[in-house]
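Number of protein chains: 2
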Amino acid sequence: MKIINKADRPSLRRSVDQGTVEQRKSVQSIIQEVKENGDEAVRRFTEQFDGVLLESPRVTKEEFDEAYDSMDGEFITILEEAAANIRSFHEKQLPTSWFDTSSDGTMLGQKITPIDAAGVYVPGGTAAYPSSVFMNIIPAQVAGVERIVMVTPPGEDGKVPAGVLVSARILGVSDVFKIGGAQAVAALAYGTESISPVDKITGPGNVYVALAKREVFGDVDIDMIAGPSEIAVLADDTARPREIASDLLSQAEHDARSSSVLVTTSEHLAEQVQEEVESQLQQLPRERIARQSVEDYGMILLCDTWQEAIDAINEIAPEHLEVICEGPFQSLAKIKHAGAIFLGPYSSEPVGDYFAGPNHVLPTNGTARFSSPLNVDDFLKKSSVISYSGEALQQNVDKIARFARLEGLEGHARAVESRKERWT
Amino acid sequence: MKIINKADRPSLRRSVDQGTVEQRKSVQSIIQEVKENGDEAVRRFTEQFDGVLLESPRVTKEEFDEAYDSMDGEFITILEEAAANIRSFHEKQLPTSWFDTSSDGTMLGQKITPIDAAGVYVPGGTAAYPSSVFMNIIPAQVAGVERIVMVTPPGEDGKVPAGVLVSARILGVSDVFKIGGAQAVAALAYGTESISPVDKITGPGNVYVALAKREVFGDVDIDMIAGPSEIAVLADDTARPREIASDLLSQAEHDARSSSVLVTTSEHLAEQVQEEVESQLQQLPRERIARQSVEDYGMILLCDTWQEAIDAINEIAPEHLEVICEGPFQSLAKIKHAGAIFLGPYSSEPVGDYFAGPNHVLPTNGTARFSSPLNVDDFLKKSSVISYSGEALQQNVDKIARFARLEGLEGHARAVESRKERWT
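Chains W and G, in that order, are what the protein sequence lines are. When we follow our numbering, the leftmost residue of the first sequence carries the number 1, and every step to the right adds one. When we follow our numbering, the leftmost residue of the second sequence carries the number 1, and every step to the right adds one.
One chain only, chain W, in its complex shape (with noise of 0.2 angstroms):
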């Protein structure tokens, strides 16, 4: 892992990948396919990319029992466990509607509701993680969303992984199809015969399933666009030089294109976690890839200042930052951009991604410059309230109608004086 000077600092910001021509007309053409053909379109594209030809898509009761009973009981109630934790974290999330009143009678408030039915997509492959699951369909359900479906692309063999199945019981959802891609998406944001319209659709994909999102987009609403994963470490002279190396190779070890970073004012630590993440790579068994991402992606940045390290945190907006440091509290205060903030030595970053109870499901290649992990608010939605009273419009039609006549919209000034009768 190279160490370069403040001043040296190359951008890290990876473009969006937006896909090629290609795959942005082929995905376009498989939600209008979808949107024709429903379930037969979605059975038909399962066959060419999944290359598994399924009767149903649907998951029957007897693929999650037979998921659950092959699945250690140890282990399930450790599941059970991290899902309480992540449920107990949401739950603080919730806001209220609220009411604010004025003397003339007049009440102006916030009502929030949850929407009626969101859909996640969970992948599939080697990326398919009971934790998604979780970190999904939990904030939903807090949020008060009556209807939840699961996607997630089935193997060959026709089948989804035991811990997805396993988590999705434990979550008490079994609206669950074997359907991926972009016509997964299509058929959650359209509707087939066996799948009805969602509001919502969250979850990661691959540049397929990125497109579709992008492309239903205003006919349901999305969650982010997420990219390769990341960490930051901001961290002096007090950190363990082998604890923030092996912070750092756990997101390396994600994707060839996940980034991770040091930044720290202490040249000693630069130097020890240099050596700690070559000692550590040769005896990790995705070495391959995580050294491909600490080549491209990984740097440690040497600062002068602690207040040059923030604001190169700031500039950087990880996706997962952890602050290692006397006194982590003090500098929580001047950070402005990140998705999850790790403080002190014990807050190691898989920490947050199983267990802790916050949503691992985060802003990446800095885009938490403006948005925020998957939370409960993204399953809700507020109505205005205006309660105007007789008093207040009395006492203001005249203002109202003017600034609407101002406009140049005369039918949005008689609309508010045809109630001038009732005082006249």
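If you're looking for bench data, these hints aren't it; they were derived computationally from the structure. Please note that the accuracy of each hint is not assured.
Chain G is faced by these chain W residues, among others (derived, beta-carbon under 7 angstroms) [claimed, not checked]:
hint, residue
1, 113
2, 221
3, 341
4, 357
5, 372
Beta carbons: idealized from backbone N, C-alpha and C, even for Gly.
Could you slot chain G onto chain W? The hints should help.
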């Protein structure tokens, strides 16, 4: 306006305008040009599309002064009062950061921070509304956004309507640029020599603006893609036909594609509103637009029961909803989907457009199913905060490591396990 029985109700959902293939290509190439050539490209497109060659697009202090001097002082007072009302409502939306502590010393929480910079698009021409300036900028200011940039296309005389500039000055916003269309969206997203990039772009615009926002989404955040405005009125016998008709027409006059719907259980009201709409239409300056809108997207929906009427409203998920009936607050509880809900006879829709305080940027075309009025949260983002204690890690490290290994991520397991030497 046609009266329709519930059973025969057609869908009111208009398909979202995705633009033609040519329009999308054109928008993509404009964005690319602005990315590559900055101000020079923006200047060229402004000449091409707005018919005016501007040395510098930035609105000068002299232009602000001229606009301010040209405007009636009494009206400026009305504008200031409206701005104060809007600010007061939005201040009540401000969420706070929070923390939760466990007895083992662990702290979990959520930190709220504003985005650094917001860009607001204000449409030009007849749709250049001072109220849009307020409704887009005030929530950003309340959220604490430090830099706010406003863009609006110039007229052929190279000027911006006085009302728009005065509104900006009332809010203390001086970064105003006379640029519009896809080139303005690109300049805000990627920056030029004279405009620094922003993190989020809000505000309505024509199809090119909407397509450009969709295109840059991901690199920056955007608000929803706005469609033509809509009103639904839910009313019983207690409503006055004249008032209902004028409220329906206040939305019909916006756009030939606007939608206005009365949902009622009263046949008597239905017939009287039908007559009133026709007679008021004949007196309306924007009769042509309003009549087209009423014919294509207007209807009076007659329901058998009040619950059926409420169900119809929830299916429509209107941008604006008026509830004019005996005890409107009882019905509020049952309404799930609406952008803004106006209760009682005095809450005429234009009250909310200009003056009451809630935002008039609202979800259209059924998107109230999953989205909210523009609000302070749109300019804030969350960071999860995790401060795990040594005790908590010691207790859970083996579970976390096991979870990680189940997902095939050995590096994750080793990261948490690297702390074990701290307590052995």
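What hint numbers does the structure not satisfy? Going through the list in order, the structure violates no hint and respects every one.
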